[in-house]
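Undergrad: Residue numbers (numbering that gives the first Met the number 0), protein chains in the order written: chain A, 0 to 350; chain B, 0 to 402.
It cannot be assumed that every hint is accurate.
The following label-pair restraints were derived from C-beta to C-beta distances [to be verified]: (1) B:Asp151 to A:Asp22: 24 to 32 Å; (2) A:Asn275 to B:Thr65: 33 to 41 Å; (3) A:Ser44 to B:Pro266: 19 to 27 Å; (4) B:Leu29 to A:Pro170: 44 to 52 Å.
Heads up, incomplete: computed chain B residues facing chain A, CB under 10 Å, no partners named [claimed, not checked]: (5) Tyr38; (6) Glu45; (7) Asn92; (8) Lys94; (9) Leu98; (10) Gly101; (11) Asn123; (12) Cys138; (13) Tyr148; (14) Leu149; (15) Asp151; (16) Ser164; (17) Asn174; (18) Asp257; (19) Lys269.
These aren't lab readings, by the way, just hints derived from the structure by calculation. Where is the CB? At the ideal position from N, CA and C, for every residue including glycine.
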Amino acid sequence: MAVYIRGTGNISIQNTLGKKGIDEPISYSDPYVHCLEPDFKNFISPIALRRMSSIIKRAITASLVCVKESGIDCPDAIVSGTGLGCIEDTEKFLKAMIDNKEQFLQPTYFIQSTHNTISSQIALQLKCHSYNNTYSHRGISFELALMDVFILFKMGNIKSALVAGHDEMTPNYFLQLKKVDFWKNQITNSLEIHKSTTPGSFAGEGNVCFMLSDIADEKNYAEIANVKMLYKIKNEDELFSSISDFLAESNLTANDIDVLMSGVSGDVNTDPTYYNLSNKLFSNSLHAYYKNLCGEFFTAPAFGLWSAATCLKNNKVLDIQKLNSVHKEKIKTVLLYNQYKNKNHSLILLK
Amino acid sequence: MSDSIFVTSLGIVSGVGVGIDKTLDSLLSLYSGVGKLKYLNTFHNEIPCSEVQLSDEEIKNILNITEDEIITRTSLLGILAAKEAYDNAEFSNCKKLNLRIGFINGTTVGGMEKSERYYADFINPESNKYNGFIDAHDCGACTEKIADYLDDFDFVSTTSTACSSAVNTIILASNLIKAGILDCVIAGGTECLSLFHLNGFNTLMILDPQQCRPFDASRAGLNLGEGAAYLVLENEKSMNLRHSKPICKIAGWGNSCDAFHQTASSPDGKGATLSMQKAIDMSGLKLTDIDYINAHGTGTLNNDESEGTAVMNVFGNQVPPISSTKSFTGHTTSAAGSVESVISILAMQHDFLPPNLMFKNKIEKLNFTPIQNLVKNVKVNNILNNSFGFGGNNSSIIYSKID
């Protein structure tokens, strides 16, 4: 059974929900950027909105856009990846608990603090009783969600799935991650973040949803041919051979890949892995990236998948995403590769 | 080759004891871990909980982890339980045999128990005192700490669906094995007590000031517990190569969303009904084949009535023997699914049914009463295990004896 991307919904630091998409990309000069939010009243009832935190509003809106585009209103699975879950409400409850010495607390923020609130609220909104799951595992949270539904498709358990990556960034969490070297002190132009010569990246946010379906249709964005995670690769040779093995599962070699969409983030500590991969294994592929458009966050690869799928659909890679000068007349195959701390690696093959 | 998923080893730690042997002893002697808090330092120290009776330092000693190692209690409990499953399975031979191995964990609280303690420093730009714990806070970090202690895993993953997390890890593990991606997997959940979720549940006013009484008419809420439990799951290829002995197999699973309310379960038990039905359908078993239901049975007014209604929806007038073991272990939240799976499998292995402690009077709306006394010398061939979480994340799993 083939798995296709039939619809998407994307709220990010770009105008991805609007018609312009990323054709007129916005540049930022601050290392901490928030999502551009639509007018939620156009999507969610005012009564429901009052009770929702930002991440839930965005997640539901992006899901509804995805549902509308795909025409599938109750998928067989709703699975989310989120690195930090509903961190804003978590912090609100935590702070109140500490400030008030465990007294006089209200339950609201606690109720909405768990990571699975997002998938649950989407199910509630869609009145959808199907398979529902949430993965929270650092930089591979979204890919785990994707892998879960990919297997369910392949086993014949489901015919449609809403899979998504959701993350928000609060000032306090930004500060904490800054202390452990996630972020650059300053940036001048986010769209050219790959030129940076310092460690860390800039912080983004995102709610990127995909409706997957087994129905072949010329309106589909792309086919997801395979998904794989690698853990604690010992060296570059092992990484290269693992990627070659992954491609071989689909009877492909590196030469067959038109675009390598990699996780380059402007972090001098981790970017060399991507450039080495491009230069040594994928020298005939166009090397492109996406984190200049969405920033770095645990589920940024969901934006990467959106970007790769959009490239396939439009047969176009934006100039600001290109990292080498390889030219491709027709884009037929894209490999999405991301790594987190050189420890978690993910591969998604798109056709 | 059969595509069955076999359970070949178990590990557990909870308020009723550390390890399989102690847990079995406690179940058979009706020892409950619910009591006065000793390790968690809280304003609400009158609330009974079920704590693992070891300090962080004591666990570090047992595991040969140095005192200054940055590690959360969630990870420590996880290692303690996972190591038992790992050692008993002689799991270390997997890599030598070129088997693909995974560690699939469930947690929600993650490193919160440390983060809440060090939070003032976390958010103070001038302080770098506890920076190590910032990177240990998230769920994935807790998982990797356990995985890296044990072996060089090919695959790691963290499920976070609140109180149904651990059953969902077992479902994912089964699917990864069935899909041919992994051969031998350790799956389960871990969660330590934290001020964050103790206070959270307390604001919801669903913590019983006494030992909890699941399915009793007078029930007044749940007791929180902490713990961890893991199952080793293998395909036939892995079992043959490693000469493992199967304990039981996974016969079916169901996952469904109640889609009713963020914290409350629906009165008609829709989500729970669906998850049980899906599991039974997948197993191909008849309703009368189910010998025991280990219920989610938290002891809250809402859960037990909703779950009971769902059980009646599925089984009608012939509800199998059923009990909640949460009055033994407390509600171990993200670990509950694996803690109670291990308890259920122990019952299958040792021919007994654990009672639903503290039960006196039936819930009027329900047509069944839970098991009140320990049942011994009984054949338990098929067990249905329920785990339900916030947001209506309902999961059910069936374990079957090997013919």
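Undergrad: Tell me if the beta carbons of A:Ser44 and B:Pro266 are separated by a distance inside 19 to 27 Å.
TA: holds, 23 Å
Undergrad: Hint B:Tyr38 vs chain A: min CB-CB distance below 10 Å?
TA: Where the cut-off is 10 Å and the nearest Cβ of chain A is about 16 Å from B:Tyr38, the hint is violated.
Undergrad: Let's test the interface hint: is any C-beta of chain A closer than 10 Å to that of B:Glu45?
TA: violated, 12 Å
Undergrad: Take a look at whether the Cβ-Cβ distance between A:Asn275 and B:Thr65 falls inside 33 to 41 Å.
TA: holds, 35 Å
Undergrad: Does B:Asn174 pass the interface hint, meaning its C-beta sits closer than 10 Å to a C-beta of chain A?
TA: Hint on B:Asn174: holds, closest Cβ of chain A at ~5 Å, below 10 Å.
Undergrad: Quick one, is the B:Gly101 hint okay against chain A at 10 Å, beta carbons?
TA: holds, 9 Å
Undergrad: Holds or violated: is the Cβ of B:Lys269 closer than 10 Å to a Cβ in chain A?
TA: holds, 6 Å
Undergrad: With chain A as the partner, please determine if B:Leu149 meets the hint condition of a C-beta pair closer than 10 Å.
TA: At 12 Å from the nearest chain A Cβ, B:Leu149 fails the 10 Å test, so the hint is violated.
Undergrad: With chain A as the partner, please determine if B:Asn123 meets the hint condition of a C-beta pair closer than 10 Å.
TA: holds, 9 Å
Undergrad: Can you verify the interface hint for B:Cys138: is its Cβ closer than 10 Å to any Cβ in chain A?
TA: Interface hint status for B:Cys138: holds (4 Å vs cutoff 10 Å).
Undergrad: If you check the beta carbons of B:Leu29 and A:Pro170, does the distance land in 44 to 52 Å?
TA: holds, 51 Å
Undergrad: Does B:Asp151 pass the interface check with chain A, least Cβ-Cβ distance below 10 Å?
TA: holds, 6 Å
In terms of the numbered hints stated before, the structure departs from hints 1, 5, 6, 7, 8, 9, 13, 14, listed from lowest to highest.
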